[in-house]
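Chains as they are written, first to last, in UniProt numbering: chain A, 1 to 212; chain B, 1 to 1015; chain C, 1 to 416; chain D, 1 to 130.
Keep in mind that the hints are not guaranteed to be accurate.
Unchecked claim - Think about it this way: if two alpha-carbon atoms lie no more than 25 Å apart in a straight line, the pair counts; the simulated BS3-like pairs of lysine-lysine are:
1. B/151 / A/3
2. B/56 / C/268
3. B/632 / C/268
4. D/38 / C/356
5. B/976 / B/929
6. C/352 / B/147
7. C/352 / B/151
8. B/412 / D/38
9. B/907 / D/21
10. B/644 / C/289
11. D/21 / B/980
12. B/674 / B/872
13. C/289 / B/151
14. D/38 / B/907
15. D/21 / C/352
16. A/170 / C/164
Just so you know, the hints here were simulated from the structure itself, not pulled from any lab data.
As the structure is a prediction and not an experimental result, all values here were calculated from the model.
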Amino acid sequence: MSKVAVFDTRPEQAVRAESPLAITRLADRVASNASAEAGVTLREKAFLGHLILRGGAIALDEAVREVLGISLPAKPSALAHDESGERSIQWLSPDEWLVIVPGGEEFELENRLREQMGDAHFAIVNVGGGQTVIELSGPYAREVLMKSAIYDVHPSHFPVGKGVTTVFAKATAIIRRPSEDRWELVVRRSFADYCGRWIIDASEEYGLNVLD
Amino acid sequence: MKHDKQPNRLLEGGRIDRDRPLTFSFNGQSYTGFAGDTLASALLANGVDIVNRSFKYSRPRGIVAAGAEEPNAVVQLGSSEAAQVPNVRATQQALYDGLSARSTNGWPNVQRDLMGTIGKLSGGFMPPGFYYKTFMAPASMWMTYEKYIRKSAGLGRSPTESDPDIYDHLHQHCDVLVIGAGPAGLAAALSAARGGARVILCDEQETMGGSLLDSREMLDGQPAAQWADSALDELASLDNVTLLPRTTANGYHDHNFVTLHERRTEHLADVAPLANGRRQVRSRLHRVRAGQVVLATGAHERPLVYAGNDVPGNLLAGAVSTYIRRYGVAPGNKLVLSTSNDHAYRAALDWSEAGREVVAIVDARANPDGELVTQAQALGIRVITGSAVVEAKGANRVTGARVAKIDIDGFKVVGKAEELTCDTIASSGGYSPVIHLASHTGARPTWRDDILGFVPGKVTGMTATGGANGVYALAEVIADGSQVGAQAASASGHQTAPIDLPSVAAIREGAAVALYQVPHEKTTLRAPKQFVDLQNDVTAAGIEVATREGFESIEHVKRYTAMGFGTDQGKLGNINGMAIAARCLKRSIPEVGTTVFRPNYTPVTFGAIVGRHCRELFDPERYTSLHEWHIKHGAEFEDVGQWKRPWYFPQTVNGKPETMHEAVARECRAVREKVGILDATTLGKIDIQGKDAREFLGRVYTNKWEKLAVGRVRYGLMCKDDGMLMDDGTTSCLGENHFLMTTTTGGAAGVMEWLELWHQTEWPELEVYFTSVTDHWATMTVTGPEARNLLAEITDIDLDRDTFKFMDWREGKVAGVPARVFRISFTGELAYEINVQANYAMPVWEALFEHGDKYGLTPYGTETMHVLRAEKGMIIVGQDTDGSVTPEDLGMHWAIGYDKPFSWIGKRALTRPDTRRENRKQLVGLRPKDPKVVLQEGAQIVFDPDQAIPMAMMGHVTSSYYSPILDSGFALAVVKGGHKRMGDTVYLPMADGQTHAAEIVGPIFYDPKGARQNV
Amino acid sequence: MQRYSGFGLVKHALSHHENWQRQWRNPTPKKEYDVIIVGGGGHGLATAYYLAKEHGITNVAVIEKGWLGGGNTARNTTIVRSNYLWDESAALYEHAMKLWEGLSQDINYNVMFSQRGVLNLGHTLQDMRDIQRRVNANRLNGIDGEVLDARGVQELVPIMDCSKRARYPVMGASWQPRAGVARHDAVAWGYARGADGHGVDLLQQTEVTGFKIVDGRVVGVHTNRGDIGAKTVGCVTAGNSSVLANMAGFNLPLESHPLQALVSEPLKPILDTVVMSNHVHGYISQSDKGDLVIGAGIDGYNGYGQRGSYPTVEHTLQAIVEMFPIFSRVRMNRQWGGIVDTCPDACPILSKTPVKGLYFNCGWGTGGFKATPGSGHAFAWSLAKGQMHPLAAPFSIDRFHSGALIDEHGAAGVAH
Amino acid sequence: MFNIYCPYCEEHREEEEFHPKGQAHIQRPTDPDACSDKAWGDYLFFRDNPRGIHHELWVHAVGCRKFFNITRHTVSYAILETYKMGEQPTITAESLASEEKQGDVQVADGGLQTVGASDNSVSESKGAKV
């Protein structure tokens, strides 16, 4: 057996999967005030591939550029995407990054990265089942974040291409700004329902629209 | 209706909308006011003199001030029970249609109050601290005395129904926070904003503008209020500015963190109305982190302290001007003004311009000569100099003022007093900068003799400007504000852009004199009451008595007399009280001390501070990926940390739901006889990678890890360095450099941080990484004799007992889903823990039930899990241990690697004198002599049941259950020296008088050889 | 000393309160005292009072850098109870409870000791196990108390939300009827007046700047008012104990943390008992003046600033509104902080020190007020006899080297 | 509430993201088994508890999860510097001895508090009798 056990957690044949927010039944809860002029729009980006990368920046940077075609963001709180915008890598700490890719790519990605890293001191962990991405958009998305998170989300302080781990209500969440008009929350599975219900409550006065 | 005419409403003037009359009720009477009124101005307009009764002497009280400093007009608001709001300050409550308010004290009503008579009679028997000196005999009576003392205390009442409203928070960040939108604040905000800084400007009043709104002055040849309006227009047009009216800065915390309370709907109704069909918050708390704070909170006028100064009709001079100029209300007909300074003359000028009679201005100074004095004299107003109002006459309303010449330094009245007939007495003893917020940070105020007041102490990143800093002349105020704002902007890295200053016709003011308590012909102790703190009925005499009794620190004086402990925090009274104490102690005010106020500046509802963190959002509920199944199948849940775990699954047996006892007995039997399934997802899981992972495990666990082979699993104990057990769990070797650690549900976060702590602070050289995968994996425990047969139906993993042994793990597919299966057992039965990626947990779980029927698959919860593990003598950290238990106390020497090369965490502590003690509490089993008895968890153990109290307690029961398999009660316990007491009988004396007997046995009650889990 | 009584009050009223005597003198320091107590808070003043009254040692000075009772005595939320888990602490706190019950009469000063009972709520199965364990231990130690179920709690406090809707529903509680609250200032002032009456010198605005130590024995203290000699010195300085220990050349296993508390505006009587919850994390009672007196845990960092962090107050009020939704519209009037000296095992230190004749009484953390009479009584005995009182002995500093800790975190989980 | 500069995230963050973990620079004895009971007890329980400059260990728990050190004044609560694990403080009580005398530090007195006659507000006033 290899020194590290890599394991593809995805079934080959189609098996029904349930996202962390499935239990919240968001659409049903907000049906009442979902509307065209809703101030906030929510969409769960479920079942994506999430990998945690640990290791030295130099070694990882090479591997990541080779495999993902993105250079490893070295600046704290930096968030980088590939051209398609479908693959991202985010600085979490001086030796920790979060990679998010379309669902199904993560296992091959992990293997290729491991190849590239060789004997270097590093770790790669698949956490795709443990967290989900909630996208917020709309004219009042930032107000909802201001009600929920202690971090300063003013554009002058939170430009596109930034992502931070911070306090969201009473949970821990990653807040990311992939583009001018979209915000992303990465929340842990077991807190997802709480965060979902919090967002519904906090956006009530603006009107919330939920997309599947 | 006669209440419709407002006797004190002027025909013109004020910033009210006479076309929008509003009806409201006070103490059941219906009145009319106008849009733009406060409840206070509307009450005065309607000639309501008595708004409350004082809490100690029950004296009639009227409105004194026009803002946050008002001590008397504290009312109960609310038209329904759920909407009740206690202790609303009428001077800060905007009038709305249908507003309903009552006095908080007074029985049967404020007009004719019986307590008042009692107050009159017994007033003399209530010196400060009188309750410390009496009610002591007989001792048994105190609780009865106390009931009546409590009854007579308190202001308003709490609602008895839940709040229909919601509240929330907004986390704000800015370069410059300007507190107060008067002349200084507006100028500061303008210059900071023009410099490009992110600015928040907040003001506690309904309308921004502060003193400009009722100023007599002209700015650039226009009324000051117009200058305020245009400044606000510009600020509103800038997108780097946030304007927050009706927003009070309540708390100033460390590193420029300020809480602002924005009243969003209090001015509209007592329950927040819908906004375009949606709920809105009643009020919002802004949590502001500011780069720079500009304190532009202005100053509070000080009343003079004289006899009868609490009779309705005694007002602050400034309040008189505010009511006339801003609300078009003259709160009386014949005014006497008693002052120590020029500034207050404005009240008399406004009064006479309002067409009411100014009987006289009584000026404490020998020969005042400022411009306003001349103006007053020009209007033919009588100015009496070197004198003061020494006593106000009247009971329910001022009927006259006794005026006399006074010798301030000698503190005595000289010559005969003259009595003037009047219905209103306005007084001014100077001004106190509003330093409260600066005080919150711990900054000590500094006394300045030139302004006879305290100014804020130094706070990093804070500047006080205008009245808050003792600058009062309008021209200087605006100039100062503009400069301070510019500096704040540059301090936060923006340009400085001071504003061009408006031209102001400067008014020359003569110097004020220091006058606080006005002398009376009688000594302070014999004179009629001279009030210092109106809300708490603290008198000058009370302060004098306190100093006579040896209370010499102003803090002692305050606590002994209760001065400043009201809901106004002594905004009016504190300086006067300090001055009186200083006089009694023959010291200066700063020698006596400075007041450091505490948050809140004005009280804030709990709801606003709580925000959304209430009801279902009070604390997160953590769910596993199988939670919905548990709900559908009627699980009762147990709170474990923030997790909701199935506790047991009651079924309906011939129409009746099972009791917990029945359900658990059924679940236990199912596991022991057939097969059960548990959602074990909540256990903490930590992925550990790196070439030193094994070494690291050896250091944080008590047992050995160097030989654990890939594919194998081991149970481990984790201690703190004091040797006490901290957590336990199994860790599996996934690869040479790869492990999966499990922790207790409650310990997950703590263990993760624990590992990082040691790695980052002590052993950074070890090459290892930890990543939490608790949420990534769903874990299902399939356990019982039929476990293998069931699992075999839906997995491709070879389950052969010889290839897949106890404490092995294997990977493969379960129900088509990639899974890691761990053959570990917390029940003592054959068991498989199936881990799959959480998104696929539900289909796997359901597949197990599809195939499980024929094996009698039964879902079980934490209660059954606890019974089964206890039958096997397996501990639960936190239940069978309490932070004072070592692995040796648990008899787990087999899990302790004494000879490991590295002195693992906790090892050294095991050889301290106390951990070597023979009679430490040690884990044992207890078998009740009467098998029907289930001992109480937490029951205390004694060796001799007949001893007298206090009894020598030798241990206690940590876990106790009924075992359906053994058909008897059994327990785990810790007993002093228990390991050497096998077979001894111990006793458990219970609250109901029974004493149970039990035998000390080994902790394993079922299948001691462990055969069943090895099949 | 002028005796206080209802009759006396009337007499004074007729003479316009012109003849009240000082409650204590303002003496100038003597050259030397038999015993110096450093710290004029409740514990220090009580120590001085009992030294004089019970042991006839009256040549005593209490040295206070500020004003009497100005530290945690003036800032605490005045809860008095004795339902502690371990024998050692239960004995000490019950000793205090018995003294509380006759205190007003003993010192002729009404400390308003109100035995309105204290509820410690349980919200989880483990909470209830711990409650059973503690109440059983209390009973066998002769301390009153019973375990109530949710219904019993609801009957005692009808305005509390005991429904299943709550995030952490109330499962039950421990109930100590003899527990309650007292008037904190009165305790300090009453003991001060009592001690002064026995001839003890109370030296306010006097700050100890160091100890005079000769061959390992303390012989006096340096102060901002000059040196003062003493045969025995007892330090009772709560949050500042580490600072004084360092002056004497040793360290203590203490951390000084901010402990915050707050009061609502005064309300008409609505809550007649004290309610505490470790799990939801807050406690509340209503003072005789009508304020809801509220508190919770300490701030995690060391702090002598007598203020803590705002989120602590937020979490406390969240807990209170969770337990009492009807208080949502009640207003928070004032918030403040004290400095509590906490021990690793949440138990106090009453102990000799490496310096002969120098004793420390500290580490009471969040539980000091309730122990005031017992602490002073046992500490006075120890100072008088030169050996630790049997009730104090287990609380020696040595336990941190032997490992014989007395872990009361369960009972002290919420500041109280 | 503190505003803390995280040396790893390289920006100021709200206190709520951090947990204090006690005194900084506490070294675990390299050979515990050779420690006397006294030495071991000192390591476990005895801490500096200064009224003034204090070096503390904090963790950016809701953030980068890194431990780091803070030099903070325990009376004014001013944070003088934050530095990474393994680094030594550049500011210490000694280095500040001259200017950081406690008297100069503004102390919050809590409650409705009074500053006695020793307070600097006296020196700044002309002590006007009233």
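Within 25 Å, alpha carbon to alpha carbon, are residue 21 of chain D and residue 980 of chain B?
-> Given pair residue 21 of chain D, residue 980 of chain B is violated - Cα atoms ~40 Å apart, limit 25 Å.
Mind checking the alpha carbons of residue 352 of chain C and residue 151 of chain B for me, to see if they're no more than 25 Å apart?
-> Violated - the C-alpha atoms of residue 151 of chain B and residue 352 of chain C are around 48 Å apart, more than 25 Å.
Between residue 907 of chain B and residue 21 of chain D, is the straight-line Cα distance small enough, at 25 Å or below?
-> Holds - the C-alpha atoms of residue 21 of chain D and residue 907 of chain B are around 22 Å apart, at most 25 Å.
Holds or violated: residue 38 of chain D to residue 907 of chain B, with C-alpha atoms at most 25 Å apart | 16 Å, holds
Would you check the hint for residue 21 of chain D and residue 352 of chain C, treating anything up to 25 Å between C-alpha atoms as holding?
-> 29 Å, violated
Straight-line Cα separation of residue 976 of chain B and residue 929 of chain B no greater than 25 Å?
-> Status holds; Cα separation ~20 Å.
25 Å limit on alpha-carbon distance, applied to hinted pair residue 644 of chain B and residue 289 of chain C = 41 Å, violated
Are residue 289 of chain C and residue 151 of chain B close enough, with their CA atoms no more than 25 Å apart?
-> Judged against 25 Å, a Cα distance of about 9 Å means the pair holds.
Is residue 352 of chain C close enough to residue 147 of chain B, meaning Cα to Cα at most 25 Å?
-> Violated, because 44 Å separates the two Cα atoms, which is more than 25 Å.
Restraint check for residue 56 of chain B with residue 268 of chain C, where alpha carbons must lie at most 25 Å apart | 14 Å, holds
Are the Cα positions of residue 170 of chain A and residue 164 of chain C separated by 25 Å at most?
-> 22 Å, holds
Pair hint outcome, residue 38 of chain D versus residue 356 of chain C [Cα-Cα no greater than 25 Å] | The given pair, whose Cα atoms are some 19 Å apart, holds under the 25 Å limit.
Violated hints, in rising order: 1, 3, 6, 7, 8, 10, 11, 15; the structure is consistent with all others.
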